[in-house]
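Colleague: Chains A, B and C, in that order, give the protein sequences. The first sequence begins at 57 in the numbering used here and counts up one residue at a time. The second sequence begins at 19 in the numbering used here and counts up one residue at a time. The third sequence begins at 1247 in the numbering used here and counts up one residue at a time.
Misleading hints may appear alongside valid ones.
[Unchecked claim] Below, simulated SDA-like cross-link-like pairs (lysine to any residue); rule was C-alpha separation at most 25 Å, straight line:
#: 1; chain 1: A; residue 1: K476; chain 2: C; residue 2: A1371
#: 2; chain 1: C; residue 1: K1496; chain 2: A; residue 2: I389
#: 3; chain 1: A; residue 1: K546; chain 2: A; residue 2: I466
#: 4; chain 1: C; residue 1: K1303; chain 2: A; residue 2: I389
#: 5; chain 1: C; residue 1: K1496; chain 2: A; residue 2: E60
#: 6; chain 1: B; residue 1: K28; chain 2: A; residue 2: L534
[To be verified] Which chain A residues face chain B? A few, computed with CB under 8 Å, are given here:
#: 7; residue: L184
#: 8; residue: A232
#: 9; residue: G241
#: 10; residue: P266
#: 11; residue: L357
#: 12; residue: G361
[Stated by the list, open to error] Computed far set for chain A versus chain C, every beta-carbon distance over 12 Å:
#: 13; residue: K63
#: 14; residue: S92
#: 15; residue: L169
#: 16; residue: L203
#: 17; residue: P239
#: 18; residue: M276
#: 19; residue: F350
#: 20; residue: I379
#: 21; residue: F437
#: 22; residue: S572
#: 23; residue: Y581
For the record, the hints were derived by calculation from the structure and aren't laboratory data. From the three backbone atoms N, C-alpha and C, an ideal C-beta is built for every residue, glycine too.
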Amino acid sequence: MEHEVDKRSFYEVKKGFMSWAITLDHKRIGIMYLVSVLIGFGLGGLFALALRLELITPDKLFMADKMYNQSFTLHGAIMVFLFIIPSIPASFGNFMLPLMLGAKDVAFPRLNLASFHIFLLGAAFLVLSIFLGAVDTGWTFYAPYSLHTDTSVVCAVFGAFIMGFSSILTGVNFIATIHSLRPPGMTWFRMPLFVWALYSTSILQVLATPVLGITLLLLMVERVMNIGIFDPSLGGDPVLFEHFFWFYSHPAVYIMILPAMGVMSELVTTFCRRNIFGYKYIAYSSIAIAVISFLVWGHHLFVSGQSDFASMLFSLLTFLVAIPSAIKIFNWIATMYKGSIDAKSPFLYFVAFILLFCIGGFTGIVLGSLSLDVNLHDTYFVVAHFHYTMMGGVLMAFLGAVHYWWPKMIGKMYNELLAKIACFLIVIGFNVVFFPQFLMGAKGMPRRYHVYDPEFHVYHVISTVGSWILAVGFIMVLYYLIQSLRNGEKAPDNPWGSLTLEWKTTSPPILENFESTPSVTCGPYEYKGSPS
Amino acid sequence: MSELDSKFIKHEVAHHFESAEQEFDTAKLGMWTFLGQELLFFSALFVAYAVFRFLYPAMFLEAHRHLSVNMGFLNTIVLLISSFTMAMAIRSAQVSNKKHTFIYLLVTLVCAGMFMVVKYMEYMEKFHHGLLPGRWFTGEGTSEVLHIFFGLYFCLTGLHGIHVLIGMGLIIWLLIRTQKGEFYSEYYTPVEMVGLYWHLVDLVWIFLFPLLYLVG
Amino acid sequence: MNQKADSLVDKGGVWFSEPISTYAAQSDSLFYFILILSIIMFFAIGFVMFWFMIKYKRTEERPEADGQLIHSNFLEISWTVIPTILCLFVFYWGYKDFLTMSIPPVDAMEIRVTGQKWFWEFETADNGLKTTGEFAVPVNTPVKLIMTSKDVIHSLFVPNFRMKRDVVPNRYTRVWFEAEKTGSYKLFCTEYCGDAHSKMLATVHVLSDEDYEKWVDKNLSSDSVPLDVIGKKVFDVKCSICHSTDGSKKVGPTWKGLFGSKRVFEDGTSLVADDDYIKESINEPSAKIVSGYKGIPMTSFLGSVSDREIDGLIEYMKTLK
């Protein structure tokens, strides 16, 4: 097996378009995913800004009713399918998983490339649908509305269907990688917690996504051929669609948040130089979330006409799934105890995550309570809740991951001062956008309303102004990252003094990842002073 | 091994694996995981079936009489035989018997083809009697929602049929590679993986047959 | 219609609108309970986190951690068990209130509700009174709504009552309430249902017993009202979302100058709009689709507009020159 190792970084080994388009290297695929999801985020963000601008007046400002409905549908669909679901697992997961395990690649590199191409194909259909009469169904595609609207539902749904397979194949790949490609000494409980998070995410991807696939397939067949499964005018059951849809889409929110939680474990240990508090509790709580999350989908249907008994069970299970998330937060805080805390920008995103995700979690408790959900369901309270978890949670973790792994992935440093200012702007802007939405939602402002009662005007104005602050924050991030790409200072191999394996190789890594297969003799976070 | 070398193309272990054994185990694990998702993929249709059977039990009883139990039974036998020959093909590849591998794969392919022909005949008969899903339904029956059964019937058997077609494509691919001599005792991963897939396709049919043809 | 209704924002506390139904206040108190717990937890977590950040700040002299505490059964058990107990308590409270909300009293007065793109229709079972876009109930009386939809899924939401339920085609869903205070309250559709989803509003009038009788009488005796006035009333609540009277294009064609004009259809045929054509277009909209309006088929109003109301609409249309 001995052979000469190419010591150039993986960027330099080959160049040109084809070296990217047909690469089997997990690092290049990770980078391509990163670029794709960032484009998706930009696109979804533009829709968000347009929506907020439109809502600055109670009546029509510049969008017709239909255009508004199309815009919020596209904002949702793009953010969910093109950004949040693939954001951390597909980009950082692909790049970091083999590095963190000490492997040379993922288990099935060709499958990995195929899932990226499938992802692009699906994304192309979704984007194409914008030009063929953008969908106006809401990202949930509820039947029977989606069966009869004249917009390009089939094209968009087909895009989501295809992207589902990309997600499944990535999940299969990661599970096989984690089981089989651990080098000698890398036992299950020596794996970094990000890997545990990816593992539980993959289980969800493999077991939940196919149900979305078949549901969307049935929706397309129903729309084209009127087979009468979801269409009430043919004897079908539209609530069955809701059950199928949420059987996937609730686990999907954990597909989104679990990797984010994995990133948090990496950030807190590195920037506190601390061994993680309660390793096994954090690892097992990921698995617990993955399992329980399959059994809570009905909490989206408390007012849809399912039986009271079913609602009771779903509510109970919903409260149970909150516990593992709480355990994680407490363990992270305990990890900070007696640490040596360096509040660099990635760590600031950790702090932002904890604060915003707590608010998201507490309002989740509110919405999980049956009697309160009746009042708050489908109001802006729900909108604010999921933005606090998805944006305050996943996006903060994503930005934390970008700042944390940027030196490793790109090989350059960024402007730390600007990064800190941008982080503050984003957190402040975020709260200005979404906190008023809790208040107006509780007061009764329904979601997906193009024109609204003028008494809600003041809340909407504040929210819209917040969206501009948020936009400035993101533009700043974009600015200094581009600046770093062009003439950033060269990054050392291990700028943060972290112990996990990805920092043991060069920045950026060589093609084979490591010069020789690393051997692992201790846990991932055994900083100075750890009990042996 | 030296004798084998001349007859077979030696398999190179991919660079990120330590050994052929590790590579094989990984592929097998990946395949099982994939089959898990396949089951979930079909499961939603089975749930839809259960929901509508619960809603309209009498309609299901009436509808299933329009299906030919004999044809369904024939297809069940054909698929069971194909599963057996598939297993034998894997066995033959494990003992580096190229000729037997090829023959067993070919028999499997023929069985799959027979299944599709029978299915085609059944479909044609349904088309002829207007026993079609939803809006297209023109058949005769007392139940107003008879079309839902045929909606489910065509979705379930259609999706299964697509899986059979994909399986046939995979078997043809195996036949070509077998002919080239790529499979032998130390490398037969693709044969084993397609075999697993084929058993799943068979298994799904084992569920479909009683659910659709033997109601009541 | 909605202008008369009580403000949701000005009345009530910071969080909720004024509680009007019997179960509203009880439901709100669970929210305040969770809110207080959350505030305590949020500030506790935030305080500890920032305190650690300051106290254990990395410095030149202190580059490494002081200690590596990584395990404490006591802590793990306490922060698992305590939140679990709290959650189960909150669950039970919410479930108990939910049962109150979902099981109507047996003697409740029944109102049938039909949702259709994009308006609400209400029919009081006792007196057969049919209204659109508003309905009235007597104060301190339990009322049960039996709801269904004619097209897509809608959802009926009255914030003041803390009451919401989806309205699903092909099946009936039920909610109930008992209003404790007279006034007019806003009703929203909260399940996205298409273009004019945000305009699918209605008003609930909670009236004293005498006022309720008067309201019923006034609305039942519409026979003496001139036809074009009836037509305008029906138009305002059922047609105006999609059709204009000033010549502008909405979801459907404008009514201005429609009557007596030549209509050209998608299939190339044409005719002059007369009484029969108007009636057919209301009851069977897809029979003749005006050229350029193929996109969103209008839902049939068969059964939801009476013959007399159709006559009224035609008379009203004639006034729009």
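Colleague: Now tell me, hint by hint, if it's right for this structure.
Modeller: Hint check:
1. A/K476 with C/A1371: The hint is violated at about 64 Å.
2. C/K1496 with A/I389: 56 Å, violated
3. A/K546 with A/I466: The hint holds at about 9 Å.
4. C/K1303 with A/I389: 14 Å, holds
5. C/K1496 with A/E60: Roughly 72 Å separates the two Cα atoms, so the pair is violated.
6. B/K28 with A/L534: 50 Å, violated
7. L184: Because about 24 Å separates A/L184 from the closest Cβ in chain B, which is outside the 8 Å limit, the hint is violated.
8. A232: It holds, given that the least Cβ distance between A/A232 and chain B is near 4 Å, below 8 Å.
9. G241: For A/G241, the interface hint is violated, since the closest Cβ of chain B sits about 14 Å away, which is over 8 Å.
10. P266: 4 Å, holds
11. L357: 14 Å, violated
12. G361: Since chain B brings no Cβ nearer than about 14 Å to A/G361, farther than 8 Å, the hint is violated.
13. K63: 31 Å, holds
14. S92: 29 Å, holds
15. L169: 38 Å, holds
16. L203: Given a closest Cβ separation of 9 Å, the condition is violated.
17. P239: 24 Å, holds
18. M276: Fine: 18 Å to the nearest Cβ keeps A/M276 off the interface.
19. F350: 19 Å, holds
20. I379: 6 Å, violated
21. F437: 9 Å, violated
22. S572: 28 Å, holds
23. Y581: Incorrect as stated: the minimum Cβ-Cβ distance to chain C is 9 Å, not above 12 Å.
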